[in-house]
Each structure stands twice: as C-alpha cells, then as structure tokens.
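What follows is the residue order along each chain.
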Amino acid sequence: MSAGAAGSPGLSALAPGAQPTGEDLKACCATVYADPAVRWMLGEVLHPGGERTTRRALELAGLRPGQRLLDVASGSGASAILAARDLGAEVVGVEYGVEAVRAARDLAADSGLGKRVRFLRGDAEALPVEDDSFDAVLCECSLCTFPDKQRAAAEFRRVLRPGGKLALSDVVVEEGALPAPLSGALATVACVGGALSQAGCERLLEGAGLSLTASELRDEDADLFTRGLEERLRGARLLGIPPPPGTPLSITEAIEVVRLARRAIADGALGYAILIAEG
Amino acid sequence: MDVIAQTQAICPRCEAVLDARLLERDGRVLLSRTCPEHGPFEAVVYGDADRYREIQRFDKPGEEPRERQTESVDGCPHDCGICPEHAQHTCLGIIEVNTACNLDCPICFADSGSGVQEHGFSLSLEQVESMLDAFVRAEGEPESVQISGGEPSIHPQILAILRAARAHGIALVMLNTNGIRLARDPRFAPALAEIGVHVYLQFDGFEEATQQAIRGRSLTDEKLRALDRCAEAGVSVSLAAAVERGVNEHEVGAIIGFGVGHPAVTGVFFQPVTHSGRFRVDSDPLDKLTNSDVIEAVAAQLPDWFRSEDFVPVPCCSPTCRSATFALYDGEDLIPLPRLVDVEHYLDYVTNRAVPELDVREALEGLWSAKAAGGSAPVAARLDCIACATAMPPQLREVAARGFMIVVQDFQDPYTLDLQKLRKCCVAEIAPDGRLIPFCAYNSVGYREQIRRETSAAAAVGAGERA
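As they're listed, the protein sequences go chains V and H.
Taking numbering that gives the first Met the number 0, the leading residue of the first sequence gets 0, the next gets one more, and so forth.
Taking numbering that gives the first Met the number 0, the leading residue of the second sequence gets 0, the next gets one more, and so forth.
One should not assume that every hint holds.
What the hints assert, rightly or not - DEER-style ranges, computed between Cβ atoms: (1) Arg52(H) - Ala108(V): 34 to 42 Å; (2) Gly65(V) - Gly74(H): 43 to 51 Å; (3) Glu356(H) - Leu248(V): 27 to 35 Å; (4) Glu448(H) - Asp218(V): 34 to 42 Å; (5) Asp332(H) - Asp105(V): 32 to 40 Å; (6) Val349(H) - Gly61(V): 26 to 34 Å; (7) Gly74(H) - Ala108(V): 52 to 60 Å; (8) Val349(H) - Gly87(V): 38 to 46 Å; (9) Asp303(H) - Leu248(V): 40 to 48 Å.
As the list claims (entries may be wrong) - Here are some, though not all, of the chain V residues that point toward chain H, as calculated from beta-carbon distances under 10 Å: (10) Gly227; (11) Glu230; (12) Arg231; (13) Arg233; (14) Gly234; (15) Ala235; (16) Arg236; (17) Leu237; (18) Leu238; (19) Pro247.
These are computed hints drawn from the structure, not numbers from a lab.
Keep in mind that this is a model prediction, so the values were computed, not measured.
Even for Gly, the Cβ is constructed at its ideal location relative to N, Cα and C.
Excised from the complex, chain V in its bound form:
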C-alpha cells in the first residue's frame, strides 16, 4: 500500500488504520474516480441510472432552456454537457480533481458548445461562484462523499437565486442498518459509508434553508448499477486485472463488498434517490 500510495496522491486515506482528514478524503475521491481501471469497472457511468437519472433529476427540477445551472462535482463533464446540449442550459461545472477538470474542458471543446458550458476547479465546500447566481444546482452521487455536508448544503443555498432548485441524486441508507464493511473510509469513497438517510438528508437541507419539494426512489437503478459493478469486477478477476495501485482491497474482496451492498439494496437498507429542494 505505502509504495503505491506514493504514486497515487490521496489514496493514503484508505490505508488500514488511517485517520483521514476531510481534505484527504476529497483528494482520494478525485483520484479514485479519475482512475481508468475504476472508470472501466463502473462502465464509464459514475452514478446509478447514468444519463437517465441525470435527465430525470433536471426534469423534476424544472430546468428550462437558457437557465443557469451549476453542476457540483462535475467529474469529467458528461452531465454538464448533456444539460447544455440537450436541455439548452448555461452550465458551469465545479470539480475538485485537476485531471477531471482538464478532461471535461477537452470534452466541452469537442462538443462545440462554446461558452454555454464551462468548468472550474474548486471545492464543493467553498464554491468559486457568486451568491444568488444560478437557477438550479445539480449534485450527483457526490454529497455522500463530502466530509462537511453542512458547509456544502450552505454553499448550495448561497449560490442559488431565491426560488432556485437543488437537484440532488444520491445514495440513501437506512440508519444503523448497514453491515460493518459498508462503513469506514473506503465505504465513504465508494459513496456508501458517508451516505445519509432520506430523512437525514432532508434535515441537512432544511438546516441550510432549503425545503424539499419532491423525491423519487431509484432503487432499480441502484441494483442495476451494483450488478454491473459486480460483473465487471468478476471480469477483472477473470482477466487478471490488478486493482488500482494503493487500493487496500483485492478484486475478490471488492466483489464481496459489492455483494454485501447488493444484499443491502435488496433488503432496503441501501438505495438511491433523487431529491429536489427549493432555495
């Protein structure tokens, strides 16, 4: 682990016995989700339901052509580009990972959308944009990984204009119902350990002055997503593909963790939801 971690900044957060700080976890997430092997194993779709979930979340938020949308934790930019291209929004993406920002800018340049989609490097807990400057905020499968969720929620509120909509899609858990391997730093990076219950999420948003206006469970997408992940991990084991350097789990152990997650989804202890809140 230690040698691999030297080459993979951020992965030290996952070392056995590590006490990662919030900054460590943020760097770790950015590294993991930019890794080609991880991206392949997730099928290049980094959240359950992929494009379908993105479209549904923006539909529920009532995003209209010409409106300004902020995509928080925009990754390599697929959702932001979709919103600009297919829904006619003016989009800004903010992403913590430097490499991902670069990839997103390349993708945007190829898309020919010009200034309708831009990407900034930044932290969800201190968004590099002005107050009251967006009609909608999109945050997909990321709040669960943010170390300081209250600050992130406050930031969503700050950048939304009055009456603007937050479209959140995220992992939801039933509190206290997850088995041990699905908590801890690794599980946090895998979106499960740091996930809130739907009620907890609602409380968090209300604490920031955002009130829930709609919610939709997407457990079928969660099941398909984890099923695909398990199959690609099995494929990786069959093909002899090593896990990314520095990852503390073998592929076989990762398969077991994903199977636990699938069981938790079947039992209702773990799921995926779209939540819409108004500023």
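With chain V fixed as given, assemble chain H onto it according to the hints.
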C-alpha cells in the same frame, strides 16, 4: 392478435409461394398463410414476441454479393444460387462431400445413413476443389467453410479435401462429424491437427433417452473418447447440439457446463431441430422450439452465468436466425463478454444517433457472425482489436483462448420458411456445380433432393465411362 409484418412463405405441401403474415399470438410470433389448394398453415417462428420486436434493431443492411450466379425466372425461393433477389453475401459455405454415414439417426435433415443408398454419392477431390474455387470466386476471401455430409470423416479422401480447403486460404475449416472415426482411429485427430481443422462435433446431451431419441443409440463413450483425442492432439472443438422440445432442452446447461470445462472445447452451438429431411419424432409446427426458447432455457439452467440479454443477435443474417455470446471462463467463474463491452450499442443499426467506433463495430461484427467459432485465429484477432479500441483493459488480449463461444441457430423448414429472412441468409450449401444455395432453401424446397439425384446419376454415368 397483432400483425407484426407482412412477408412471403411457402405451402409446406406444394411449395407454392404465398403471401404470409407474421402474427403475435399468446406472446409468440407465428408465420401464417393459406394455400388455395391445401388450406391454412401456421408455425411458430419465435417464442418471445416482445424480444422479436426488440431485436429488429440488430438487422444490418446486407452486403452486395460479388457474383450473381443465376437469373430471376421463377422467383424466390426457386432460383437459387445467389440470384438477383438475394440481399446478402455468404459468410459460411457448407460442402457435403458424401451421403453415406456410419449412424442411422431417427432425425437427419440430410437423410443420410449406412445402408445401400438410393441416390447416394461421394464427391471426388476434384469436384470439391472446383466447389472451393466457386466459393472463392463468389466471396473473394472466404473465412470459413464447413465440410459436412453424410458423415464426411468416412470419405476416403477426407484429409486431402480438408487440406484443399486450407490451401484455398480459408482460415476456419470445420469438419462436421459425429466423432465415431475420431474415437476409433487414433491417427485421425493428429492428422486434423496437422492440417489445422476445427471439429464441429454433434453432441446432444448426456442422457440415454436423449441419445436414443435423436441418434438411435448411446454414444457418450465414443463422444468422450473423441474429445479426449482432440484435446491430446491440440484440435479445437465446437459441440453442436440438436435441441428438440421434450427431448433434451433440459440438458443445454449441462452441455455448456461440460464444454467450458473440457480442454478441447471452445464453443457450443445449439440448433433447434429442423423438421426437414427425416424426422421420426412427432412434430407440431405450433410447438416447435425456437431460439428464444433455447436462450431462456440456458438462462434458467445457468442463472449465475447467463441472462437472456447476453445472447445478442448476429446482425448479418436476420436477427431471429442466430444469436451468440462469448464467455470468459477461468475454471471457476464465467462472465459473458456483453457484460464487459456494450455489444448491443455497437451492433444496433437503428437507434444509434452517431456511428460508433467503426473498428470496434467491425471486430464485433466478425465475432457475432456465422463465420466465427470459438478459439479460432480470426476470433482471437478480433477480441484483441476490441481490447485495443475500447476502454477494455489490455488483458482481454490474453483471454482469446478462453473466449468460449455459444451460438443458438434456428434453421428454417417448410413450415417456418420466411422468404424475407431467406433473402438475407448468409449460410450456403455449395452445390457441385458451384451454386451457393441458402441453407434453409436447400433443405426446404427440394434443392437437396434434386442435387442428390443429379450428383449420384452423374457419378453413375462417370463410373460407366471409366468401366
């Protein structure tokens, strides 16, 4: 009851061409028509109507054949070779080198056997050479040919014939055999290895009742000995199972399970039994097994390994003719390739807004094809291309040898023959005069019988001249 499409079919009694409809009834697809003389006929052509509609997007536009061999006179299906109406080139050519066999199966679309044969023939090496020449003329660089019969392994010049096929530059030369000679003659498998032949071995299941029903006697010991000899000699084998409802559909999972574990076996072909030629099993055209039934049986019997969607239609022929998958297997776990590469995306010719990466599509078209067999060199090269061109990690390259192919292939009979499908057929019998005759026409509208009569008569005249 919905009408899905209009097409043409034949009267199974008089072979007259009739307007026909594809209907949905009870969730299945039926081919329905009425002969003015012999009345109405219906036959099931696909067991899952929803899936039937869904897979039409895998219908790749046909490729122009290099050569038109006949003229349109009587209309499809009565003008074969490749006539001006045919809408596809030929992926796989079949040469039947004899009619004699060392088995007398109750089911045989070729009506072969061991007794004294009325109208039997055994082609000369020169005749086979000229048929191979004709195939090369028609296809340019054909990739695969299957030497069949009768039982081709008992042809006195079989090794010379196989060598001739390889010498025509054909990469995949298959020998369609019952395996008896492989089991009994220890020199046969090494000779096939030396020539570079892939064995297509009839293998219907393990149960006594299955073998009695389909082959007339128990063959398990001989099949296993044949396979072991192939493994020892380094000959790769596809198992070919004729699947009949109520006989061996419950054995499809066991056949795959056995195949992936055997060192010689690189694939399994399931063929719902066609009711052409000789079949003594009572058959009801409304109770015929189709591809979707076989695929569902595989998924039900091996739920940890397969789902129905793992079987993607081969786009070259009609999407209901042939579905296939490739499976990665390491002795313990098995993963179908479509779980790792979005095969459906690349082989969808309708809903794709943008044309996907062409090299990947071409490689997948070569894998999902009648010309492919597991473990062959062209298949390995295409798997390599996919690893290269997609986000798939490069380790897939090493997996070619483990790229186990499973095919479900439904051939048509006089009850199920759909002329629109037939015009896109890419599997052809090569006739002694060099015509390429689409396989399902060959077996359904009299070509087989006619060619058998003519070929045996010509051989008798030839023998008379020599004497």
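Do the hints match the structure? See the list:
1. Arg52(H) - Ala108(V): 34 to 42 Å: Holds, at about 40 Å.
2. Gly65(V) - Gly74(H): 43 to 51 Å: With Cβ atoms ~59 Å apart, the hint is violated.
3. Glu356(H) - Leu248(V): 27 to 35 Å: 32 Å Cβ-Cβ, so the 27 to 35 Å window holds.
4. Glu448(H) - Asp218(V): 34 to 42 Å: violated, 59 Å
5. Asp332(H) - Asp105(V): 32 to 40 Å: Roughly 37 Å apart at Cβ, these two residues keep to the hinted range, so it holds.
6. Val349(H) - Gly61(V): 26 to 34 Å: Hint holds: Cβ distance 32 Å, inside 26 to 34 Å.
7. Gly74(H) - Ala108(V): 52 to 60 Å: holds, 56 Å
8. Val349(H) - Gly87(V): 38 to 46 Å: Given about 27 Å between the Cβ atoms, the range is violated.
9. Asp303(H) - Leu248(V): 40 to 48 Å: Given about 22 Å between the Cβ atoms, the range is violated.
10. Gly227: At about 7 Å, which falls below the 10 Å cut-off, the nearest Cβ of chain H leaves the hint on glycine 227(V) intact, so it holds.
11. Glu230: holds, 4 Å
12. Arg231: Hint holds; arginine 231(V) Cβ to chain H Cβ min 6 Å, cut 10 Å.
13. Arg233: holds, 5 Å
14. Gly234: Nearest chain H Cβ about 5 Å off; hint holds.
15. Ala235: holds, 7 Å
16. Arg236: holds, 7 Å
17. Leu237: holds, 5 Å
18. Leu238: Given a least distance of 4 Å, the restraint on leucine 238(V) holds.
19. Pro247: Where the cut-off is 10 Å and the nearest Cβ of chain H is about 20 Å from proline 247(V), the hint is violated.
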